[in-house]
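Note that this note's numbering has the sequence shown beginning at 1, numbered continuously upward.
Keep in mind the hints are simulated off the structure, nothing from the lab. Do not take every clue at face value.
Simulated pairs of lysine-lysine, DSS-like, Cα-Cα distance not exceeding 30 angstroms [stated by the list, open to error]:
#	residue 1	residue 2
1	K207	K286
2	K207	K34
3	K286	K34
4	K341	K205
5	K34	K341
6	K205	K34
7	K341	K286
8	K205	K286
Simulated restraints on C-beta separations [to be verified]:
#	residue 1	residue 2	range
9	F330	D233	26 to 34 angstroms
10	S126	V43	52 to 60 angstroms
11	S28	F330	41 to 49 angstroms
12	V315	N264	37 to 45 angstroms
13	E340	P35	18 to 26 angstroms
Each residue gets a CB set at the ideal place from its N, CA and C atoms; glycine is no exception.
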Amino acid sequence: MVVTVFFAILAFAIAFFGTFLLRRYALSVGLMDKPNRRSSHTVAMPRGGGIAVVASFSICLSLADLFGLIDSFWLFAALMPAWAVAIVGLIDDLGHVSARYRLVIHFSAAAWALSFLVSGHSGFSSAPVAVVLLVSGIVCVSIVWLLNLFNFMDGIDGIVVVEALSVTVCSLILIAINGGLDVVGFPMSLFLMAMMGFGCWNFPKAKIFMGDVGSGFVGFAMAIFILVTVLNDLLSVFIWLILLAFFWVDATYTLLRRLFTGQNVAEAHRSHAYQILALRWRAHWKVSCTVAAINLFWLFPLACLANTFVHAEAVSLKLAVLVIAVSPLFFFQVRLRAGEKPC
1 MVVTVFFAIL AFAIAFFGTF LLRRYALSVG LMDKPNRRSS HTVAMPRGGG IAVVASFSIC
61 LSLADLFGLI DSFWLFAALM PAWAVAIVGL IDDLGHVSAR YRLVIHFSAA AWALSFLVSG
121 HSGFSSAPVA VVLLVSGIVC VSIVWLLNLF NFMDGIDGIV VVEALSVTVC SLILIAINGG
181 LDVVGFPMSL FLMAMMGFGC WNFPKAKIFM GDVGSGFVGF AMAIFILVTV LNDLLSVFIW
241 LILLAFFWVD ATYTLLRRLF TGQNVAEAHR SHAYQILALR WRAHWKVSCT VAAINLFWLF
301 PLACLANTFV HAEAVSLKLA VLVIAVSPLF FFQVRLRAGE KPC
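Start from the sequences, fold in the hints, and give me the full structure.
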């Protein structure tokens with residue numbers, strides 16, 4: 001317990017003071033995110049603060065491995081591919097990386113992580129090759145989509161921080177109920193504290209932006225936590241879909257809407273539902289707090305309900321709860337006209 005508290009404080013401190021130093025450096029060299037007609041902010045802001053999250057989680061996880069507190073697979077399956085995602089994000093923050101090259105790195109990182117995580121897993125080793133390849137392909141696409149949707153949703157002050165913190169806390173509670181903290185509790189706690197340390201500089205009013213280096217890393221880390229908990233039967237994929245519903249519904253609906261209306265989906269925009277709300281309310285913190293409220297008071301109770309279904313009909317019941325969870329979110333997407341062409 002004492003060791004866990006020490007590492008938690010260390011993760012927070014590295015992220016907090018690291019962000020402070022990164023902000024000063026960004027201001028001194030002019031590494032700024034300048035507003036334009038497609039952005040949701042109105043003043044130039046230092047960027048690249050996500051490096052502090054990467055550094056905090058990496059240092060603490062490496063030290064934990066050095067002292068034998070975690071399994072080494074966390075370094076090889078999670079940290080190394082996450083670094084690749086973070087590095088390509090950093091390069092994109094500093095200049096530009098084409099979507100093609102980013103996707104190559106993202107899929108390579110996803111395949112790397114998956115190969116380590118499923119190695120020796122009975123469900124994969126006993127399945128036909130065709131099934132393994134199909135499932136692996138679906139999982140890799142899901143990982144890449146998750147890390148990219150965190151990037152898409154990182155458009156206003158604090159929204160990624162609020163999402164990551166609330167979803168991580170809620171999932172840790174459910175994992176504790178299911179008796180699985182010894183498997184993922186320590187790494188997820190480090191991630192939680194690293195996000196909290198950075199969040200002090202990003203919410204309620206941002207003093208620095210996370211950048212692609214941070215949003216991609218955060219999304220990839222969340223994907224790894226999902227894989228580990230699902231493969232170890234700690235949480236079902238339905239529960240994760242419920243907890244993350246606000247993000248994936250907004251990102252997916254907006255992308256599909258823009259695709260079907262003939263828009264360039266690779267072009268920057270501000271037609272996500274959360275961006276529309278931020279413009280209407282003229283306050284980013286109100287939207288981010290709304291996301292937290294939805295996660296804690298709507299999605300989390302439904303995830304708790306789904307977590308109680310363990311008998312033969314569990315899949316259909318969890319699917320029903322998922323539909324209940326996302327239905328009002330899709331309704332608000334339509335109501336806010338997310339993804340529509342600007343007038």
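Q: Hint by hint, work out which the structure violates, then give me just those numbers in ascending order.
A: Of the numbered hints, all hold.
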